[in-house]
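There are 2 protein chains.
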Amino acid sequence: MQGNFWPDHIRRLIEQIGMEHPIIQAPMAGGPSTAELVASVSNSGALGFLGVGYLTPEQIDLEIRKVKELTNRPFGVNLFVPEISEAAKPSDKVLNCLQEFSNELGIDPPQMPGPPKYSFEDQLSVIIDHKVPVFSFTFGIPDKALIRDLIERDVFVIGTATCVEEGVLLEEAGCSAIVAQGSEAGGHRGTFGSTEGTPMIGGLALVPQLVDKVEIPVIASGGIMDGRGIAASVALGASTVQMGTAFLCCEEAGVPGPWLDSLLSSKDISTVLTRAFSGKYARGIKNRFIDEMSLLEDEIPNYPLQNSLTRSLRNASKDKGDSDFMSLWAGQGAAMSRKLTAQELVDALVSETYQVLKSIGTNL
Amino acid sequence: MQGNFWPDHIRRLIEQIGMEHPIIQAPMAGGPSTAELVASVSNSGALGFLGVGYLTPEQIDLEIRKVKELTNRPFGVNLFVPEISEAAKPSDKVLNCLQEFSNELGIDPPQMPGPPKYSFEDQLSVIIDHKVPVFSFTFGIPDKALIRDLIERDVFVIGTATCVEEGVLLEEAGCSAIVAQGSEAGGHRGTFGSTEGTPMIGGLALVPQLVDKVEIPVIASGGIMDGRGIAASVALGASTVQMGTAFLCCEEAGVPGPWLDSLLSSKDISTVLTRAFSGKYARGIKNRFIDEMSLLEDEIPNYPLQNSLTRSLRNASKDKGDSDFMSLWAGQGAAMSRKLTAQELVDALVSETYQVLKSIGTNL
Numbered sequence: 004m005q006g007n008f009w010p011d012h013i014r015r016l017i018e019q020i021g022m023e024h025p026i027i028q029a030p031m032a033g034g035p036s037t038a039e040l041v042a043s044v045s046n047s048g049a050l051g052f053l054g055v056g057y058l059t060p061e062q063i064d065l066e067i068r069k070v071k072e073l074t075n076r077p078f079g080v081n082l083f084v085p086e087i088s089e090a091a092k093p094s095d096k097v098l099n100c101l102q103e104f105s106n107e108l109g110i111d112p113p114q115m116p117g118p119p120k121y122s123f124e125d126q127l128s129v130i131i132d133h134k135v136p137v138f139s140f141t142f143g144i145p146d147k148a149l150i151r152d153l154i155e156r157d158v159f160v161i162g163t164a165t166c167v168e169e170g171v172l173l174e175e176a177g178c179s180a181i182v183a184q185g186s187e188a189g190g191h192r193g194t195f196g197s198t199e200g201t202p203m204i205g206g207l208a209l210v211p212q213l214v215d216k217v218e219i220p221v222i223a224s225g226g227i228m229d230g231r232g233i234a235a236s237v238a239l240g241a242s243t244v245q246m247g248t249a250f251l252c253c254e255e256a257g258v259p260g261p262w263l264d265s266l267l268s269s270k271d272i273s274t275v276l277t278r279a280f281s282g283k284y285a286r287g288i289k290n291r292f293i294d295e296m297s298l299l300e301d302e303i304p305n306y307p308l309q310n311s312l313t314r315s316l317r318n319a320s321k322d323k324g325d326s327d328f329m330s331l332w333a334g335q336g337a338a339m340s341r342k343l344t345a346q347e348l349v350d351a352l353v354s355e356t357y358q359v360l361k362s363i364g365t366n367l
Numbered sequence: 004m005q006g007n008f009w010p011d012h013i014r015r016l017i018e019q020i021g022m023e024h025p026i027i028q029a030p031m032a033g034g035p036s037t038a039e040l041v042a043s044v045s046n047s048g049a050l051g052f053l054g055v056g057y058l059t060p061e062q063i064d065l066e067i068r069k070v071k072e073l074t075n076r077p078f079g080v081n082l083f084v085p086e087i088s089e090a091a092k093p094s095d096k097v098l099n100c101l102q103e104f105s106n107e108l109g110i111d112p113p114q115m116p117g118p119p120k121y122s123f124e125d126q127l128s129v130i131i132d133h134k135v136p137v138f139s140f141t142f143g144i145p146d147k148a149l150i151r152d153l154i155e156r157d158v159f160v161i162g163t164a165t166c167v168e169e170g171v172l173l174e175e176a177g178c179s180a181i182v183a184q185g186s187e188a189g190g191h192r193g194t195f196g197s198t199e200g201t202p203m204i205g206g207l208a209l210v211p212q213l214v215d216k217v218e219i220p221v222i223a224s225g226g227i228m229d230g231r232g233i234a235a236s237v238a239l240g241a242s243t244v245q246m247g248t249a250f251l252c253c254e255e256a257g258v259p260g261p262w263l264d265s266l267l268s269s270k271d272i273s274t275v276l277t278r279a280f281s282g283k284y285a286r287g288i289k290n291r292f293i294d295e296m297s298l299l300e301d302e303i304p305n306y307p308l309q310n311s312l313t314r315s316l317r318n319a320s321k322d323k324g325d326s327d328f329m330s331l332w333a334g335q336g337a338a339m340s341r342k343l344t345a346q347e348l349v350d351a352l353v354s355e356t357y358q359v360l361k362s363i364g365t366n367l
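Residue numbers (this note's numbering), protein chains in the order written: chain Z, 4 to 367; chain F, 4 to 367.
Looking at chain Z on its own, in the form it has when it is part of the complex (with noise of 0.2 Å):
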């Protein structure tokens, strides 16, 4: 390794959270982060995040004592802020669609959802007991007296922005940093407050636009895959980098074969925006599902009600082995993936990170 070499602002910052690199690993909920990957990156010296917006405050609970039990070092949990659902019913059609792939696969016809058996509040209650230090939250901003009482226990508190307009609200509510969530980024977008639909900002204009307009560090994220990516971001003015994709075909991930299979395929790989999954805009790679369902796309309904019917489907396709009904969420630099441990990946980002800041300040 060559030393802290970040500049000082950057330097501040990762001392502040306790980290030894400025590398977040991007909390991806519904299996990629798992505990065991969570604490091979804070292990390394980078920053890992549970992402567990979709479990029950006992599994939220359960993750947290297995990261803690393999890692001393700081990492992070990140929530979903709860949406205003909607009443609606799905249309025929869309059910129809989704019971036709749900005998398919042999597998129940989609359910309506209950009402949630937990609240917001009880999945954070969990993080807060556990004193985690690093919470981070997407779609939405939660109370600003809920955000003052974390800042007051010492939590780094960091809220997700899709454009400038959301990041300066969450300055406001007092977040202690902002991703700025740039169009290149996999899995769904944080959108919240945009006054113009789902914002997609590529990160090269997003980032110093966020930077410029608020006080708070900003992260950058979205098609961050190396070094090359990490040095640009750190040019943009961000103070540290989230990565989501490098890190799904790392070996503690938890991603299905199939999964892994399409990141880690030899051809160019094209990602697509989709709310054929969850009713919320995600990128990932295509399959028959959201081919298929490209065809309904007018009568999807709105997250979280989407996600709830589609998830037998996604799981039993899990279970089969097969990509064809799994959200295969990829970011633009998918094709730059890297089967390697965590540790080897953090290593060899932060080496040639150095070797970019190097090479392009060679003649200075």
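No wet-lab data here; the hints were simulated from the structure.
Heads up, a few of these hints could be off.
Same chains, same names: a pair is fine if it fits in one copy or spans any two.
[To be verified] With a straight-line cut-off of 25 Å between C-alpha atoms, the simulated SDA-like cross-links for lysine to any residue are: (1) LYS289 / ASP301; (2) LYS216 / PRO113; (3) LYS289 / THR201; (4) LYS96 / TYR121; (5) LYS323 / LEU267; (6) LYS147 / GLY230; (7) LYS361 / ARG15; (8) LYS342 / GLU174; (9) LYS289 / GLU168; (10) LYS71 / ASP325; (11) LYS69 / THR201; (12) LYS321 / LEU298.
Since the structure of chain Z is provided, determine the placement of chain F on it from the hints.
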């Protein structure tokens, strides 16, 4: 100035072309890249670029002569590779809509275009006769023999790619370098050979993937507005940058008042992709024409037919100084626009890049 601080591979390229700084002003056809802008940019040590795709050979000759009167430095000229135009007649809905707008502006209804009076080869021969040192093209690839002939005449030939597969095709065709047009870019998408519609890949993901796949230099473009964007592009592996929107507010550019006002407004600027003006996807600031045509999205005829049909509307809108029917092309970095002369802008960009590289390398 800080002398030539660029990394060696960039130094070699700019020396080859005869530039001082690795900054190319994007060819912006249809007005913005005036001979005055092109010459000022080249005189400042960057590379000015005429966009003459819409002009007759006689007009191209005149523009090149004007540039040559104003500078002895190298500059470039850009053409559109012609596309097989469909014989299709536009739908009555589209024609009626355009006719209503024409009535509103008090101009004749749109006419179906006649057969072209000159060819791509006619346009190109003017450029060859003038021994223009840099030639770029968009929307396709000319004959390989044609590219070979240009290379033999010592012309630096640049193609435009919006995805890795297009970049590979451009290298195979014999180009000297490739513009990687990120999804952030304003104006028309250069897409021509993608198997996946119109790729919208952010620069942070596109540039390094293209750099990995081709041997020739990659020119980053899209969303780059200041030294941070340039330094980031260099970190990603680009050998130079191409910037369009950043030059729109230069005094020497040919940008009508309402367009300029929309770029320099203090509000956040959000851009959209639209086929409304030309039948081909392009990024610009939303206005009434984009809004109203979006209702007929599926019926808008392909480029170049729609482009011909909307020409009189765009021109009349410009003449009236009203932005309703004007194409307000802009990239996703538009809110970072600055009103400077070309010389001031280039000086600022070089000095900012130096500062950014200095500051991110301070602890190496």
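Going through the hints against the structure:
no.	hint	result
1	LYS289 / ASP301	both (18 Å within a copy, 23 Å between copies)
2	LYS216 / PRO113	neither (45 Å within a copy, 44 Å between copies)
3	LYS289 / THR201	both (19 Å within a copy, 15 Å between copies)
4	LYS96 / TYR121	neither (31 Å within a copy, 52 Å between copies)
5	LYS323 / LEU267	within (20 Å within a copy, 55 Å between copies)
6	LYS147 / GLY230	neither (36 Å within a copy, 36 Å between copies)
7	LYS361 / ARG15	both (21 Å within a copy, 18 Å between copies)
8	LYS342 / GLU174	neither (36 Å within a copy, 29 Å between copies)
9	LYS289 / GLU168	between (30 Å within a copy, 17 Å between copies)
10	LYS71 / ASP325	neither (33 Å within a copy, 63 Å between copies)
11	LYS69 / THR201	neither (36 Å within a copy, 44 Å between copies)
12	LYS321 / LEU298	within (23 Å within a copy, 40 Å between copies)
Hints 2, 4, 6, 8, 10 and 11 from the earlier list are contradicted by this structure; the remaining hints agree with it.
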